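Enquirer: Those protein sequence lines, which keep their order, are chains A and B.
Mapping of the first sequence onto numbering that gives the first Met the number 0: position 62 corresponds to residue 61, and the numbering continues sequentially without gaps.
Mapping of the second sequence onto numbering that gives the first Met the number 0: position 145 corresponds to residue 144, and the numbering continues sequentially without gaps.
Just so you know, the hints here were simulated from the structure itself, not pulled from any lab data.
Because the structure is a prediction, the values reported are computed rather than measured.
Be careful, since some hints might not be right.
Unchecked claim - Calculated cross-link-like contacts (lysine to aspartate or glutamate; reagent style DMTMM-like; alpha-carbon spacing at most 25 Å): (1) B/Lys23 with A/Glu38; (2) B/Lys10 with A/Asp116; (3) A/Lys5 with A/Asp116; (4) B/Lys43 with A/Glu38; (5) A/Lys88 with A/Asp116; (6) A/Lys88 with A/Asp36; (7) A/Lys13 with A/Asp116; (8) A/Lys5 with B/Glu90; (9) B/Lys43 with A/Asp36; (10) A/Lys9 with A/Asp116; (11) A/Lys134 with B/Glu12; (12) B/Lys20 with A/Asp181.
Stated by the list, open to error - Sample of chain B residues lacking proximity to chain A, with all beta carbon distances greater than 10 Å (derived): (13) Lys2; (14) Lys4; (15) Met8; (16) Ser13; (17) Ile14; (18) Ser48; (19) Leu50; (20) Ser52; (21) Val54; (22) Gly57; (23) Ala64; (24) Leu65.
Virtual Cβ for every residue (Gly too), placed ideally from N, Cα, C.
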Amino acid sequence: MKSNKKEQTKKRNKNLYYGFSFLGVVIVLHVVLFFFDPENICGSLHASLQIIIQVIPVLILVILIMGIANYFLKPKFVSKHLGAESGVKGWLLAIFIGILSHGPIYVWYPLLKDLNDQGMRTGLVAVFLYNRAIKIPLLPIMIFYFGISFVAILAIYMIIASVLEGIIMGIIEHKTRVRRKDA
Amino acid sequence: MDKNKRSIMTKKESIIASFNKALKNFGVTLPILLGVVLLLGLFKIYVSSELISSVFTGELLGDTALGSMIGSISAGNPITSYIIGGELLKEGVSLFAVTAFIAAWVTVGVIQLPAEAAILGIRFALTRNALSFIFAILVSIATVVTLGVIG
Numbered sequence: 000m001k002s003n004k005k006e007q008t009k010k011r012n013k014n015l016y017y018g019f020s021f022l023g024v025v026i027v028l029h030v031v032l033f034f035f036d037p038e039n040i041c042g043s044l045h046a047s048l049q050i051i052i053q054v055i056p057v058l059i060l061v062i063l064i065m066g067i068a069n070y071f072l073k074p075k076f077v078s079k080h081l082g083a084e085s086g087v088k089g090w091l092l093a094i095f096i097g098i099l100s101h102g103p104i105y106v107w108y109p110l111l112k113d114l115n116d117q118g119m120r121t122g123l124v125a126v127f128l129y130n131r132a133i134k135i136p137l138l139p140i141m142i143f144y145f146g147i148s149f150v151a152i153l154a155i156y157m158i159i160a161s162v163l164e165g166i167i168m169g170i171i172e173h174k175t176r177v178r179r180k181d182a
Numbered sequence: 000m001d002k003n004k005r006s007i008m009t010k011k012e013s014i015i016a017s018f019n020k021a022l023k024n025f026g027v028t029l030p031i032l033l034g035v036v037l038l039l040g041l042f043k044i045y046v047s048s049e050l051i052s053s054v055f056t057g058e059l060l061g062d063t064a065l066g067s068m069i070g071s072i073s074a075g076n077p078i079t080s081y082i083i084g085g086e087l088l089k090e091g092v093s094l095f096a097v098t099a100f101i102a103a104w105v106t107v108g109v110i111q112l113p114a115e116a117a118i119l120g121i122r123f124a125l126t127r128n129a130l131s132f133i134f135a136i137l138v139s140i141a142t143v144v145t146l147g148v149i150g
C-alpha cells in the first residue's frame with residue numbers, strides 16, 4: 000500500500016517534470032519567434048487566451064466529473080461496465096459517452112487516465128476518443144456544407160472505425176502484456 | 000445518533016478527498032494542456048486555409064493521403080475543418096481528400112500528441128493516432144464510394 004503510494008508520487012512527479020519541460024520548450028519557441036515576428040506572436044497569444052476562455056467551462060465540468068467519478072465509481076464498478084467483462088454494453092457505453100462528450104479532446108485525457116487506472120479497457124478509451132469526432136451540435140453545420148446523406152454515411156463509418164480501432168488497440172495491449180509476462 | 004453523525008462526517012470527508020484527488024490529478028496535466036493551447040494559438044495564426052488548399056495536387060490517392068495528413072497536423076474547432084473542406088471542394092479538390100481531411104482533423108491530433116502521450120502513455124498515443132490516420136483514409140474511401148452507390 001505504502002509502496003503503491005510512493006510509486007504514484009514518483010509517477011506524478013515524472014509527469015509534472017515532463018509537463019513543465021514541454022511548456023518550457025513552447026514558451027522558448029514563443030520568445031524566439033517574438034524577436035522575428037512580434038505582431039503575429041501577440042496575435043497567437045491572443046488566440047490562445049481566447050481558447051483558454053472557451054475551454055474553462057469544459058475544464059470545470061471535467062474536474063467535476065472526475066470528482067464525482069472518484070467518489071461513486073469504484074474500480075469494481077468501472078471494471079464491470081467498462082472493463083474486460085463489460086462485453087457489448089461496454090462498447091456501446093464508450094461510443095455513446097464519446098459522442099455526447101464535448102469540448103476539446105485534451106481536457107478529457109485526465110478523466111480517461113483515471114478510468115483506465117480503475118479498470119477501463121484501453122480499447123474502450125480509444126473508442127471514446129474516436130467517437131468524439133461525431134459532434135451532434137455541429138451536425139447541422141456539417142449538413143449545410145456536405146448534405147445529409149454524406150453526414151449520415153460518414154457518421155456510421157466513423158462509429159464502425161472506432162470499434163475496429165478499439166479492437167486493434169485491445170489486441171495490441173493484450174500482446175504487450177503477454178510479452179511482458181513472458182519476459 | 001452519534002453513529003449517524005460519524006457516518007455523515009465520513010461521507011463528507013470522502014467527498015472532499017474525491018475532489019481533492021481529481022484536482023491533484025488534473026493539476027499534474029495543467030502544464031501540458033497549457034503548452035498545447037499555446038501551440039494551438041501559433042497554429043491559428045500561421046496556418047491559413049489558403050495555405051492548406053495550395054498543397055493539393057489533383058491526384059486522387061495522393062490527395063486523399065495528403066488530406067488525412069493535413070487534417071492530422073491541423074487543430075481547432077471542427078467547424079473550421081468544415082469551412083475549409085467546403086472551400087477545398089469549390090476549388091476542385093476531390094471529395095475523397097476532403098473527407099479524409101475532415102475525419103483526420105477530429106480523430107488525429109499531432110499538436111495534442113505530447114499531452115496524450117504524457118497522460119495516457121506514449122505507446123497508446125502513437126498507436127491510436129497512427130490507426131486513426133489510416134482509418135481517416137479508409138473511412139473517406141468507404142463514405143465516398145457508398146455515397147456514389149446510393150446516388
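Enquirer: Each hint needs a verdict: does it hold in this structure or not?
Expert: Hints, verified against the model:
As the CA atoms of B/Lys23 and A/Glu38 are separated by approximately 37 Å, the hinted pair breaks the 25 Å bound. For the suggested pair B/Lys10 and A/Asp116, the alpha carbons sit about 23 Å apart, so the restraint of at most 25 Å is met. At roughly 16 Å between alpha-carbon atoms, A/Lys5 and A/Asp116 fall within 25 Å of each other, so this suggested pair holds. The suggested pairing of B/Lys43 with A/Glu38 holds, with an alpha-carbon distance near 14 Å, which does not exceed 25 Å.
Proximity of A/Lys88 to A/Asp116 is assessed by CA-CA distance (about 20 Å); at most 25 Å being required, the pair is judged to hold. Between the alpha carbons of A/Lys88 and A/Asp36 the distance comes to roughly 53 Å, so the proposed pair goes past 25 Å and is violated. Simply put, A/Lys13 and A/Asp116 have alpha-carbon atoms about 17 Å apart, close enough for the 25 Å limit, and the pair holds. Note on A/Lys5 and B/Glu90: the hinted pairing is violated, with a Cα-Cα distance of about 58 Å set against a maximum of 25 Å.
Pair hint B/Lys43 plus A/Asp36 holds up; C-alpha atoms about 15 Å apart against a cutoff of 25 Å. Our distance criterion of 25 Å between C-alpha atoms is met by A/Lys9 and A/Asp116, whose separation comes to about 16 Å. For the suggested pair A/Lys134 and B/Glu12, the alpha carbons sit about 37 Å apart, so the restraint of at most 25 Å is broken. With a CA separation close to 35 Å, the supplied pair B/Lys20 and A/Asp181 exceeds the 25 Å bound.
The beta carbon of B/Lys2 is kept farther than 10 Å from every beta carbon of chain A, the shortest such distance being approximately 21 Å. No Cβ of chain A approaches the Cβ of B/Lys4 within 10 Å, the least distance being about 20 Å, so the stated non-interface status holds. Against the 10 Å criterion, B/Met8 stays outside the reach of chain A, whose nearest CB is about 15 Å from its own CB. Not every beta carbon of chain A lies more than 10 Å from that of B/Ser13, the smallest distance being close to 7 Å; the non-interface claim is violated.
Interface exclusion of B/Ile14 from chain A breaks down, the closest Cβ pair being 6 Å apart, not more than 10 Å. Every CB of chain A lies more than 10 Å from the CB of B/Ser48, the least distance being 13 Å, so the non-interface label holds. With a cut of 10 Å on Cβ distances, B/Leu50 stays outside the contact zone with chain A, its closest approach being about 14 Å. Non-interface status of B/Ser52 relative to chain A is upheld: no Cβ of that chain comes within 10 Å, the nearest being about 15 Å off.
For B/Val54, the requirement that its beta carbon stay farther than 10 Å from each beta carbon of chain A is met, with the minimum near 20 Å. With a least CB separation of 20 Å from chain A, B/Gly57 remains clear of the 10 Å interface cut-off, as annotated. Its beta-carbon lying about 16 Å from the closest one in chain A, B/Ala64 satisfies the requirement of being farther than 10 Å from that chain. At roughly 19 Å, the least C-beta separation between B/Leu65 and chain A is larger than 10 Å, which holds for a residue marked as non-interface.
Hint check: violations occur at hints 1, 6, 8, 11, 12, 16, 17; the rest are consistent with the structure.
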